[in-house]
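Protein sequence lines correspond, in order, to chains P and S.
Using the UniProt record's numbering, the final residue of the first sequence is 142, and nothing's skipped along the way.
Using the UniProt record's numbering, the final residue of the second sequence is 407, and nothing's skipped along the way.
Do not take every clue at face value.
20 angstroms max Cα-Cα, derived EDC-like pairs, lysine to aspartate or glutamate [unchecked claim]:
#1 S:K403 x P:E22
#2 S:K407 x P:D45
#3 S:K239 x S:E185
#4 S:K92 x S:E254
#5 P:K55 x S:E254
Computed Cβ-Cβ distance ranges for the label pairs, DEER-style [to be verified]:
#6 S:R371 x P:P39: 39 to 47 angstroms
#7 S:L37 x P:N74: 40 to 48 angstroms
#8 S:I140 x P:A41: 37 to 45 angstroms
#9 S:G21 x P:D33: 20 to 28 angstroms
Derived by calculation from the structure, the hints in this document are not laboratory data.
In this text, a Cβ means the ideal position worked out from N, Cα and C, and glycines have one as well.
What follows is the residue order along each chain.
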Amino acid sequence: MTIQDIQNEIIEEFSILGDDRESTIFYIMELGDKLPEMPEADKTDEHIIKGCQSKVWLTAFEKENKLHYLADSNTDITKGLISLLIRVLSGKTPQEIINAELNFIDKIGMGNIIGSQRSNGLAAMIKQMKLYAIAYQAKINA
Amino acid sequence: MPLNIDHIRGLFPVLHQEVNGKPLIYFDNAATTQKPLAVIEALSDYYKKDNSNIHRGAHTLADRATRYYEATRGLIKTFINSKEEAEIIFTKGTTEGINLVAATFGRKFINEGDEIIISTLEHHSNIVPWQMLCEEKGAILKIIPINEAGELDMEAFDGLLSPRTKLVSVVHVSNALGTINPVEEIISKAHKVGAKVLLDGAQSTSHLEIDVQALDCDFLVFSAHKLYGPTGLGVLYGKREILDAMPPYQGGGEMIKEVTFEKTTFNELPFKFEAGTPNIGDVIAFGRALEFINDLGKKEIKAHEDDLLSYATEQLQAIKGFVPVGTAKDKVSVISFNINGMHPFDVGMMLDANGIAVRTGHHCTQPLMQRFGIEGTVRASFSVYNTKSEIDTLVASVSKIAKIKNK
């Protein structure tokens with residue numbers, strides 16, 4: 001599936017939840033529960049994403065020219081949010097990640113649900129994920 | 001006589017709205033209270049009818065604005081029972097009041113090796129200005145510890161006091177936990193060693209009756225916006241003899257008697273500390289907020305809030321996974337808590353989904369959170385316009401949220 005296919009899938013899932021904010025938040029938290037575990041040893045200060053109010057750790061590794069992410073957070077909702085980003089971007093080539101336009105965030109009305117502080121945090125997560133992709137792309141080009 | 005809460009709610013336009021499809025339940029009153037219509041209209045009326053720069057104006061509007069502005073000072077004098085209006089200084093808020101005292105009283109009277117005592121319960125605004133002063137002067141900051149309930153360790157306080165103590169600056173009521181501190185005892189003990197006492201009244205002035213003469217505090221600072229008044233306005237009370245001995249804070253208009261390029265003489269109190277055009281409209285509107293409180297009666301307000309506090313505490317405590325933070329015997333209507341296995345941000349967001357506004361995080365009291373070994377809490381704080389039925393909704397929501405991790 002392409003990045004856009006996955007985004008469309010997420011938009012579809014969230015549309016079923018409708019306008020009920022509570023069920024949407026519960027759903028996001030459930031998604032966080034399913035996030036693959038990040039090794040404790042990776043949860044270091046250098047892996048913390050700056051700009052998030054809650055703690056978010058993010059690392060990336062390359063396998064067969066595809067980039068994979070591992071992440072964790074100390075809050076369940078943030079964990080759910082990053083699990084959505086990982087679902088969309090993990091396992092894609094660095095170039096695909098760099099070019100990705102993450103339109104699902106607006107389409108599911110995430111900004112409205114999570115508020116401005118967490119939206120800034122979400123933007124910081126996306127930026128960090130793209131930075132990893134840029135770094136790996138540079139490595140490939142080198 | 002018990003208050004007519006339905007009638008009171010009718011005076012607050014903001015309360016009558018839906019948030020996320022649910023009726024708004026505003027439990028973030030320790031952060032700021034809502035404003036009655038009289039305050040909102042006073043602001044608008046001022047700009048519609050009376051706007052003018054105060055003092056020295058030789059025209060009718062300036063005279064009117066000055067009278068209304070000074071009338072609020074008179075209301076505050078009565079509200080805290082100061083000896084005279086000249087002891088009431090308008091500031092931007094509690095934070096500025098503390099910084100003013102640190103920059104004037106502190107700079108002049110606190111020297112190398114002198115000691116300032118604060119407590120573990122302090123808001124950052126009553127920590128950082130003193131740290132800055134201590135750094136500048138080589139003075140020493142001492143901290144009164146607390147017990148598990150979030151009450152000051154008064155024996156430890158006795159041990160901290162010494163002839164070197166120049167100032168004790170403590171919070172009257174903890175913003176994060178709601179603890180009411182035994183300030184009478186603190187003040188009398190501090191005075192015995194010759195120290196002055198500043199009370200941070202940001203949280204206490206809205207809940208407790210305050211009599212600065214009976215308390216005998218040397219300074220009291222508080223904010224209008226936690227007292228149903230406008231934001232960006234606060235009060236510094238100081239005893240005249242201390243304020244007179246203090247150098248001015250900021251230089252500019254209003255605060256001078258005579259300026260030549262060789263020398264400036266300063267105006268008398270309170271103007272000596274009110275440089276520049278003040279926040280006239282908000283001061284006038286704050287008068288209406290004080291009248292609102294006076295009309296209801298502080299005792300009656302507190303009785304209602306205490307009733308809400310015990311009603312909420314009893315029910316929340318029964319919820320599996322509910323962990324109260326701060327269980328002092330003497331508390332105002334603030335409940336700080338955590339849910340086992342959940343981050344306070346997440347709890348706050350889920351409550352918001354139910355229309356319930358609470359505060360989450362460290363409440364600008366990081367050292368206090370470190371004392372409890374937690375990152376933050378969820379804080380529900382009740383005001384005069386809150387109801388038991390709103391608390392029922394809070395309890396039902398917290399109960400549902402707690403079940404996620406506490407089955």
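Going through the hints against the structure:
Note on S:K403 and P:E22: the hinted pairing holds, with a Cα-Cα distance of about 14 angstroms set against a maximum of 20 angstroms. Taking the CA atoms of S:K407 and P:D45, the gap is near 33 angstroms; set against the 20 angstroms cutoff, the hint is violated. A threshold of 20 angstroms between alpha carbons decides the hint, and for S:K239 with S:E185 the separation of about 19 angstroms falls inside it, so the pair holds. Of the supplied pair hints, the one linking S:K92 and S:E254 holds, its CA atoms being roughly 16 angstroms apart against a limit of 20 angstroms.
A C-alpha spacing of about 48 angstroms is found between P:K55 and S:E254, which places the hinted pair above 20 angstroms, so the restraint is violated. Taking 39 to 47 angstroms as the suggested C-beta distance range, the pair S:R371 and P:P39 does not conform, at roughly 31 angstroms. At roughly 42 angstroms, the beta carbons of S:L37 and P:N74 sit within the given window of 40 to 48 angstroms. The given range of 37 to 45 angstroms is respected by S:I140 and P:A41, whose C-beta atoms sit roughly 41 angstroms from each other.
Checked against the hint of 20 to 28 angstroms, the C-beta distance between S:G21 and P:D33 comes to roughly 26 angstroms, which is consistent with it.
Checked against the numbered hints listed earlier, the structure breaks hints 2, 5 and 6; every other hint is satisfied.
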